[in-house]
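Protein chains: 2
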Amino acid sequence: MANKSNVSLSVIRRLPRYYRFLGELIKSGCLRISSKELSQRMGLGASQIRQDLNCFGGFGQQGYGYNVESLHSEIKDILGLNKKLDTIFIGCGNLGKAILTSMDFDTLGYNIIGIFEKDKNIIGQSFLGLKVLSDEVLDDFCKKNRPAVAIICIPKKAAEDMSDELIGYGIKGFLNFSHYDLALNNDNIVVENIHISDSLLTLHYRVNEAIKES
Amino acid sequence: MANKSNVSLSVIRRLPRYYRFLGELIKSGCLRISSKELSQRMGLGASQIRQDLNCFGGFGQQGYGYNVESLHSEIKDILGLNKKLDTIFIGCGNLGKAILTSMDFDTLGYNIIGIFEKDKNIIGQSFLGLKVLSDEVLDDFCKKNRPAVAIICIPKKAAEDMSDELIGYGIKGFLNFSHYDLALNNDNIVVENIHISDSLLTLHYRVNEAIKES
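Line by line, the protein sequences are chains H and Z.
Heads up, the first sequence is in our numbering, so the first residue is 2 and it goes up one at a time.
Heads up, the second sequence is in our numbering, so the first residue is 2 and it goes up one at a time.
Note that these hints are calculated values from the structure, not bench results.
Incorrect hints may appear among the rest.
One copy or any two copies: either way a pair holds, since identical chains are not told apart in the list.
Here are the simulated lysine-lysine pairs, DSSO-like style, with alpha carbons at most 27 Å apart [what the hints assert, rightly or not]:
1. Lys119 / Lys28
2. Lys121 / Lys213
3. Lys158 / Lys213
4. Lys144 / Lys77
5. Lys85 / Lys144
6. Lys119 / Lys144
7. Lys213 / Lys132
8. Lys157 / Lys37
9. Lys157 / Lys77
10. Lys77 / Lys37
11. Lys84 / Lys144
12. Lys119 / Lys213
13. Lys158 / Lys84
14. Lys28 / Lys158
15. Lys37 / Lys145
16. Lys213 / Lys157
17. Lys144 / Lys28
18. Lys144 / Lys158
19. Lys213 / Lys77
Kindly generate the complete structure, drawing on both the sequences and the hints.
The following block contains the structure:
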């Protein structure tokens with residue numbers, strides 16, 4: 002296996018797509034696939050696919066292609082999905098609830114151990130077999146249970162107020178739906194941002210350009 | 002104003018962030034800001050900020066910095082937010098409902114004109130002052146109303162089955178929450194994907210690397 006630590010973020014961001022596609026190929030009974038075929042199905046260049054997968058050691062064989070199951074299992078291993086990450090979920094508004102109920106956290110390698118909310122009407126409700134807790138007990142909970150990841154579905158101001166505390170508990174990774182830039186001034190955490198409104202703004206620009214060109 | 006059509010996607014993707022930050026500065030009463038200050042607040046390099054904004058004509062004045070309101074208004078103009086895009090919303094499951102009820106579509110430049118769902122229990126419910134319609138009337142609706150954008154909150158298979166039809170109606174832009182790659186084989190549409198599970202997988206990898214290094 003090659004050294005994984007120097008792999009660029011753009012390669013890493015493509016790994017989930019490979020993982021998904023290969024999972025679907027397995028379901029459809031496909032045993033092996035050439036990089037050319039994979040390229041056509043995924044809309045990526047065949048040489049890019051070979052380069053990407055070479056970053057992690059290169060699993061293809063010339064004239065044979067890739068063994069779908071073993072490549073899928075290798076990528077699962079690279080993503081580290083066999084080891085679940087203990088995770089807290091903060092914010093059970095509409096979006097938070099939707100994410101809690103629609104994601105298959107277990108398959109994605111996450112173990113949700115606590116759900117927190119400040120709205121008294123929501124505290125005590127159950128999701129994923131867990132009762133929603135008051136954010137007032139977050140401190141005790143984190144000191145005791147040491148989560149590795151936090152999923153943040155709260156407004157910007159609340160995220161800003163809470164961020165130092167969360168990082169202080171030793172939380173290493175954030176899936177951030179808020180508009181607060183958690184990574185700012187914090188080099189030792191990793192953050193994946195999902196900014197739906199930013200995507201809508203980018204789309205707006207691109208649609209206007211597409212309409213002008215057509 | 003510079004030619005906007007050759008601006009790279011990575012610059013365009015940063016515009017919503019500038020727009021958000023400048024909006025907050027206006028709210029806090031800030032009238033002008035240097036690229037250095039903007040850089041510190043946003044966690045971007047000052048020279049990158051100057052370069053980005055130069056792509057669109059360059060609004061800063063040496064020794065003065067940027068006039069916050071006029072820069073905000075210029076970016077609003079560049080993003081095209083003054084002209085609302087007629088938009089249909091497809092899929093009112095948990096995630097769809099959460100997005101319908103949590104986004105400020107009007108401010109983001111979108112005019113939601115129709116909401117569609119196939120589940121009979123959801124058809125007839127109201128969101129944003131619109132009754133949810135059956136996806137069986139999508140065809141008639143689109144031929145009559147010619148939406149420019151579709152927001153897709155449906156499973157992969159449903160998105161795949163529907164995509165040719167939607168593109169056939171002349172829909173130019175998609176905000177795609179499904180795992181179907183809409184842009185594949187369709188060069189003349191623009192797609193912004195939000196793949197929450199892919200972000201979770203990428204985060205998993207990055208957290209593991211961060212734990213190893215610490």
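Check your understanding: Which earlier hints can't be squared with this structure?
Key -> Violated hints: 2, 3, 4, 7, 12, 13, 15, 16 and 17; rest satisfied.
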